[in-house]
Amino acid sequence: MRDTRRARLVIGVLLAAALILITVDHRAANGTLLAPVRDVASSVFGSVEGATATVTRPITGFFKTISNAPGAERAITALRKENAQLKSDLDAQRLNRDRVMKLDRMLGLAGLGRYRIVPAQVVARRASPGFEDAVEIDIGTGDGVRTDMTVLSGEGLVGRVVHAGPSTSTVVLLTDPALAAGARMEGGNELGVVNGLGEAGGNDNLIKFRMLDSSSPVQVGRRIVSFGSQGSAPYVPGVPIGVIERVDTTPGELTRTAYARPFADFSSIDVVGVVTEAPKRDPRDSVLPPVPKPAVSRQAKAVERPGLLPAPRPVETRQAETRETDRTVEQPAAAAPGANARPLESEPPRSGHEPREETRLAPSPTPERAAPREPGQAGDQRRQDRGA
Amino acid sequence: MFRNLVAALLILAALVLQVGLVNRVSPRIAPDLVLLVVLSLAALRGAAVPGAVIGFCGGLAYDLLPPSDHALGQWALVMCVLGFLAGRAGGQLPLLVVMLCAVIAPGLAAGIGALLGDPGVTWSVLRTAWLWVGLCNLVFAPVVLWAVSALQPKRRARGSEFVTSYRRGTA
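Protein chains in written order, with my numbering: chain A, 1 to 388; chain B, 1 to 171.
Keep in mind that the hints were calculated from the coordinates and are not lab data. By construction, the Cβ of each residue, glycine as well, lies at the ideal position given by its N, Cα and C atoms.
Reference listing, derived: stretches of chain A covered by chain B, where coverage requires no fewer than 3 residues with Cβ under 8 Å from a Cβ of chain B:
hint, stretch
1, 15-21
2, 134-142
3, 175-183
4, 198-211
One side only, chain A facing chain B, incomplete, derived with CB under 10 Å:
hint, residue
5, V24
6, D25
7, A41
8, V44
9, K64
10, A124
11, H163
12, G165
13, S169
14, V171
Excised from the complex, chain A in its bound form:
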């Protein structure tokens, strides 16, 4: 190779520059030193991205349509059925309207959590598998967005703003492994921390929920909401996060780990809202979506009640084991351990057992695909699913 000394010099300088950049940016808290550089880049690239988003939106929509095509037929029949039922429901509701209006006025005080939201459109997304999962939204400091604001969608928590540029901002998603949020179990005070799993979350973008108190009961099908940070800085309280889908029982560990399916759909994220003003009071559970089937809430209460009884632990672990086994064993066999657990519960046997079947089946038809036992195995199972 000719010109070796010059080549070595140039490459040495370039590598040193990269290393210095890494060091400076990694050392400085919140990237304060290089913030102007990022600002300039964000305004330049942001405008280009905004322009391309308008062009590429039809293409994205086209791909989404194609990928949804196999399920569309089923969805249509289901929707027809639902439509017919809704029509009859609507007729019934017309009769109840006066009564509902009175009730509504009465319940108005307790209404949904009063967040003030600025709506935004996602213009770009970056997903390096396992390392980062972030989106760019088309509003910035000019619209009142600041760093460390909560971002949510119509379904639930989406993430938080990590960098607010002049006209665009960067949002780290809940599925990013670097993100951690305080969370609280619905209808109780059991606290925990929600972490993204990234690539290990599988197709359903599962997130990890670590309970701080390992003795507190965790059941599949219970919902979690955000606990809220001090001064509501990164996270406002009461935002729905997800439904617990699997519980890991590791004896001897200080924290208890559960895996939850987020309410927000992270595979196609489009319109989000940035919470610019937190509610004056913690909305607690009032923002959670209405329970899909009344049986679920009855079951949640029914299982919670034995938790207050003097000897709740055997019931608790037995249920967890049941769930562990019946993922692999077929349906009828799963009923047997549940029947053993019946005498311990104070409820009549049906309410303790039957709805649990529903909650286990309702969130996903195939729980084994959703459960990332080990991230390595999750990949194998995914491949098996595709083959089947």
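With chain A held as given, fit chain B onto it using these hints.
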């Protein structure tokens, strides 16, 4: 000069396509267009230093591209090294070199992330993610290399210029 301008435009197009379209269509496993374009440019240039410079600039732009939550310079380092390698060895077999570098790159980036204490980088995640991203890159590498080499400005012979001026004259 014109060659560098075309390279910069190609990288810019790849950056915008990557975050605006590719990652939005399939957020989990997707080919890395920016990486492939940078490697193709470096390999087609066929010299070590320009390859490293292209890699550094492309990587820095990739780091600065807005939805980012990693330390600035990670991709600049990775692409600088790979651009150097691709430029050094790309003269004879550009496709082979681009494919090799495209498979190495996710692992290299993950290694630097792990050194910086990125919480998402675990061995098991790396195993599945590297495999799938590497495969994706491998599949898309020939396409991108072909596209880049087709868009590369060629030093045309006099004849073509003559034809255009001739056409202009008749029009």
